[in-house]
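K.L.:
Chain order of the listed sequences is Z, U, L and B. Residue numbers are given in our numbering: position 66 of the first sequence equals residue 66, and the series is strictly consecutive. To convert, take the position in the second sequence, counting from 1, and add 96; that gives our numbering. To convert, take the position in the third sequence, counting from 1, and add 192; that gives our numbering. To convert, take the position in the fourth sequence, counting from 1, and add 487; that gives our numbering.
Keep in mind that the hints were calculated from the coordinates and are not lab data. Note that the structure is predicted; figures quoted are calculated from it, not measured. Watch out, some of these pointers could steer you wrong.
Distance windows between CB atoms, simulated [stated by the list, open to error]:
id: 1; chain 1: U; residue 1: Ala118; chain 2: Z; residue 2: Asp24; range: 46 to 54 Å
id: 2; chain 1: L; residue 1: Gly412; chain 2: B; residue 2: Gln579; range: 51 to 59 Å
id: 3; chain 1: B; residue 1: Val573; chain 2: U; residue 2: Asp146; range: 24 to 32 Å
id: 4; chain 1: Z; residue 1: Asp24; chain 2: L; residue 2: Gly467; range: 33 to 41 Å
id: 5; chain 1: U; residue 1: Ile122; chain 2: B; residue 2: Thr728; range: 43 to 51 Å
id: 6; chain 1: L; residue 1: Glu276; chain 2: B; residue 2: Glu764; range: 52 to 60 Å
Cut-off 30 Å, straight-line C-alpha distance, at most; resulting in silico cross-link-like pairs (DSSO-like, lysine-lysine) [claimed, not checked]:
id: 7; chain 1: Z; residue 1: Lys19; chain 2: L; residue 2: Lys375
id: 8; chain 1: Z; residue 1: Lys54; chain 2: L; residue 2: Lys435
id: 9; chain 1: L; residue 1: Lys224; chain 2: U; residue 2: Lys114
id: 10; chain 1: U; residue 1: Lys114; chain 2: B; residue 2: Lys670
id: 11; chain 1: Z; residue 1: Lys82; chain 2: U; residue 2: Lys114
Even for Gly, the Cβ is constructed at its ideal location relative to N, Cα and C.
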Amino acid sequence: MKLTVEFSGGLELLFGGKKNIALDVIFKNKAVMSELLVWMRDNLVTERPDLFMKSETVRPGILVLINEADWELCGTLDAELKEGDNVVFISTLHGG
Amino acid sequence: MKLTVEFSGGLELLFGGKKNIALDVIFKNKAVMSELLVWMRDNLVTERPDLFMKSETVRPGILVLINEADWELCGTLDAELKEGDNVVFISTLHGG
Amino acid sequence: TYAAEHSLNKHQVERYSRHLLLNSFGLTAQEKLCSSSVLIVGCGGLGSPAALYLAACGVGTLGLMDHDSVDASNLHRQVIHTEERVGTSKAQSGRKACEALNSLIKIRVHEEALSANIALSIIGQYDMVLDCSDNAPTRYLISDACVVTGKPLVSAAAVGTDGQLTVYNYGEDGPCYRCLFPKPPAPENCSRCSDAGVLGVVPGIMGALQALEAIKIASGKGDVLNKRMLVFDALSGKFMTVKLRSKRAGCAACGEHPTLSMSSLPEFDYKAFTGQEAQDGPPVPLQLIPSSERL
Amino acid sequence: TYAAEHSLNKHQVERYSRHLLLNSFGLTAQEKLCSSSVLIVGCGGLGSPAALYLAACGVGTLGLMDHDSVDASNLHRQVIHTEERVGTSKAQSGRKACEALNSLIKIRVHEEALSANIALSIIGQYDMVLDCSDNAPTRYLISDACVVTGKPLVSAAAVGTDGQLTVYNYGEDGPCYRCLFPKPPAPENCSRCSDAGVLGVVPGIMGALQALEAIKIASGKGDVLNKRMLVFDALSGKFMTVKLRSKRAGCAACGEHPTLSMSSLPEFDYKAFTGQEAQDGPPVPLQLIPSSERL
Ligand SMILES: [Zn+2]
Ligand SMILES: [Zn+2]
Chain Z
1 MKLTVEFSGG
11 LELLFGGKKN
21 IALDVIFKNK
31 AVMSELLVWM
41 RDNLVTERPD
51 LFMKSETVRP
61 GILVLINEAD
71 WELCGTLDAE
81 LKEGDNVVFI
91 STLHGG
Chain U
97 MKLTVEFSGG
107 LELLFGGKKN
117 IALDVIFKNK
127 AVMSELLVWM
137 RDNLVTERPD
147 LFMKSETVRP
157 GILVLINEAD
167 WELCGTLDAE
177 LKEGDNVVFI
187 STLHGG
Chain L
193 TYAAEHSLNK
203 HQVERYSRHL
213 LLNSFGLTAQ
223 EKLCSSSVLI
233 VGCGGLGSPA
243 ALYLAACGVG
253 TLGLMDHDSV
263 DASNLHRQVI
273 HTEERVGTSK
283 AQSGRKACEA
293 LNSLIKIRVH
303 EEALSANIAL
313 SIIGQYDMVL
323 DCSDNAPTRY
333 LISDACVVTG
343 KPLVSAAAVG
353 TDGQLTVYNY
363 GEDGPCYRCL
373 FPKPPAPENC
383 SRCSDAGVLG
393 VVPGIMGALQ
403 ALEAIKIASG
413 KGDVLNKRML
423 VFDALSGKFM
433 TVKLRSKRAG
443 CAACGEHPTL
453 SMSSLPEFDY
463 KAFTGQEAQD
473 GPPVPLQLIP
483 SSERL
Chain B
488 TYAAEHSLNK
498 HQVERYSRHL
508 LLNSFGLTAQ
518 EKLCSSSVLI
528 VGCGGLGSPA
538 ALYLAACGVG
548 TLGLMDHDSV
558 DASNLHRQVI
568 HTEERVGTSK
578 AQSGRKACEA
588 LNSLIKIRVH
598 EEALSANIAL
608 SIIGQYDMVL
618 DCSDNAPTRY
628 LISDACVVTG
638 KPLVSAAAVG
648 TDGQLTVYNY
658 GEDGPCYRCL
668 FPKPPAPENC
678 SRCSDAGVLG
688 VVPGIMGALQ
698 ALEAIKIASG
708 KGDVLNKRML
718 VFDALSGKFM
728 TVKLRSKRAG
738 CAACGEHPTL
748 SMSSLPEFDY
758 KAFTGQEAQD
768 GPPVPLQLIP
778 SSERL
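Can you build the whole structure from these sequences, using the hints too?
P.N.:
Encoded structure:
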């Protein structure tokens with residue numbers, strides 16, 4: 001399934017400095033966010049996977065957006081993905 | 097044909113103060129920008145049509161965008177429109 | 193040119209004439225602005241433009257809070273300060289800049305760090321708060337105190353070349369900071385400008401946008417950025433507006449059965465909760481990108 | 488902590504340390520910034536934040552141009568000025584604010600209106616120009632002079648609650664102002680802040696964004712906003728980035744057979760071309776919206 005992922009707030013540092021990546025993911029069971037996270041951890045993270053995931057989900061402080069909407073609005077880990085979806089991972093910033 | 101039009105930079109004042117309008121346009125000949133402009137002048141402008149059009153096109157100082165791209169990139173008056181297209185009219189600003 | 197029944201004096205009418213002329217703003221909005229009070233927590237990179245534009249536009253009472261003093265390395269982005277005021281209180285320095293710009297408004301200075309002890313009594317004095325702080329424990333504290341006292345919170349942040357902006361605790365079901373981030377990130381995931389660096393103009397842009405949201409809330413004009421977040425990538429020049437969740441029913445601050453209240457908040461240990469002091473953050477892992485891969 | 492072979496002195500290293508720390512900016516970008524020169528035409532609503540942030544970030548030479556003097560009705564948005572400096576030159580007032588913030592940079596003041604006679608010699612002294620002016624004839628003149636002298640032009644505008652930003656005459660085939668607007672609008676379609684009003688923070692946001700584009704051009708970092716325009720609607724809080732045309736082959740300034748040149752530009756009659764004086768615009772048709780329909 002073709003998806004695009006984007007990173008912001010410094011998370012791109014964990015993915016080789018890339019802010020946008022086009023993916024072609026083969027989901028083992030269902031095309032859901034929980035599987036995408038594991039796939040990304042195993043195939044995409046270039047540094048410190050512990051700064052991306054903690055237990056089964058993203059680490060605290062990361063906002064996940066599916067097609068520009070908070071993934072809380074569509075089921076978080078169970079949110080279903082479809083061809084062409086865009087998933088954005090934003091690390092919350094504290095500086096000012 | 098269903099289209100949306102948007103106005104910015106003060107042009108909304110000519111359209112009853114509305115910044116976004118959803119349209120359902122019946123084109124007489126072809127679904128092109130030249131016909132849309134005339135349709136808008138005849139059906140949509142609420143004030144001073146001369147501040148919107150001059151001879152066959154928009155008055156100088158208006159930037160026209162079809163799906164967020166300058167209409168110069170798609171044929172200006174001859175640009176073809178299709179269902180769901182978004183057309184934005186921006187009056188250039190001079191203040192600062 | 194204006195009817196007699198309004199509350200602005202002739203200096204205000206002259207000063208704010210460009211707002212009064214504006215069809216989409218006008219007299220009533222300016223009167224509301226002139227009777228509003230806004231607290232800015234943090235007179236740094238975000239607080240500088242926020243304070244300048246809120247002072248300029250005529251907010252009735254502007255509160256400036258910062259316990260820190262001006263350092264030369266602040267001046268690349270904290271444009272409210274000057275070389276002459278290096279070493280002096282940031283809150284007082286901010287007051288001087290705002291007073292010089294607009295003597296028609298009232299300015300109050302709070303030269304102390306926001307702590308759980310004093311947060312409710314200080315925030316309770318204002319209509320709304322701007323979070324221009326620079327660390328996680330202060331951000332949780334400000335949000336909780338705004339929920340408990342019922343104040344809207346305009347929150348922005350900037351690190352590196354990234355910026356974020358949203359309005360918490362606003363409207364029917366707008367979320368608070370804890371709704372979005374119930375668990376604090378680990379200290380090593382909290383980068384600060386002093387560790388990670390920041391392109392100075394980025395907090396400049398975000399702080400000015402914070403002032404705009406405050407003006408919209410105070411004046412009642414425009415659509416406030418609640419349940420939405422504006423995300424800015426300065427290097428690409430792109431803004432993205434994303435749709436956020438509503439209030440979370442289980443939120444410890446604003447949920448159906450909150451554990452934070454007027455009485456419990458002053459006891460809450462923000463240092464233990466976030467694992468960080470409000471005054472100094474951990475160094476950021478700068479070694480992550482080798483220089484060969486830098487932009 | 489920095490290698491010996493760089494051009495920054497210790498004051499600059501301290502001052503700009505948050506830029507030097509930044510992976511995506513760093514030493515080389517700061518050195519380029521410190522050796523660049525930028526002319527700001529107009530020390531008003533846009534020029535105020537642009538000048539502050541360009542002074543703060545360490546642009547080598549900052550030119551401030553304005554023939555006007557500070558008026559009390561400017562202070563709701565022109566935050567570089569102060570009440571004390573009402574009645575004095577805007578360019579000099581801007582210099583005072585920038586000098587107080589950063590004495591490490593060179594500031595040059597031009598207390599005159601930009602006219603076709605002097606445009607080429609003044610613009611020729613700088614690496615790039617920021618159009619922070621407020622009228623159509625000056626906007627055409629600045630663009631033409633930038634094309635003729637080969638300088639990038641960072642152009643912003645703000646009226647009411649709307650803002651626009653783009654970079655002209657930049658890159659391989661980036662358009663100029665005339666490519667987009669070959670014919671000037673009629674004078675009655677050129678609204679000005681003094682006539683139509685402006686929400687003060689809107690030029691604040693747009694001017695800070697102008698400074699960012701100038702920093703990107705000077706430092707060589709990031710994607711410059713050429714062939715794109717950023718359109719801001721402050722009331723809805725929405726930014727839209729639109730794709731613009733390339734250079735127009737028939738453009739009188741930058742086309743294949745331009746009629747404007749080093750020798751012809753000083754003779755060009757911008758007043759006749761636009762039907763407007765650079766110094767005063769026509770009143771805007773404020774009667775268009777009855778007050779009952781106001782937002
Ligand atoms: Zn909450
Ligand atoms: Zn051109």
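K.L.:
Hint by hint, note whether the structure agrees.
P.N.:
Okay, the hints, checked on the actual structure:
no.: 1; hint: U:Ala118 to Z:Asp24: 46 to 54 Å; result: violated (36 Å)
no.: 2; hint: L:Gly412 to B:Gln579: 51 to 59 Å; result: violated (39 Å)
no.: 3; hint: B:Val573 to U:Asp146: 24 to 32 Å; result: violated (40 Å)
no.: 4; hint: Z:Asp24 to L:Gly467: 33 to 41 Å; result: holds (39 Å)
no.: 5; hint: U:Ile122 to B:Thr728: 43 to 51 Å; result: violated (32 Å)
no.: 6; hint: L:Glu276 to B:Glu764: 52 to 60 Å; result: violated (40 Å)
no.: 7; hint: Z:Lys19 to L:Lys375; result: holds (25 Å)
no.: 8; hint: Z:Lys54 to L:Lys435; result: holds (24 Å)
no.: 9; hint: L:Lys224 to U:Lys114; result: holds (25 Å)
no.: 10; hint: U:Lys114 to B:Lys670; result: holds (27 Å)
no.: 11; hint: Z:Lys82 to U:Lys114; result: violated (35 Å)
Consistency with the previously given hints fails for numbers 1, 2, 3, 5, 6, 11, ordered from lowest to highest.
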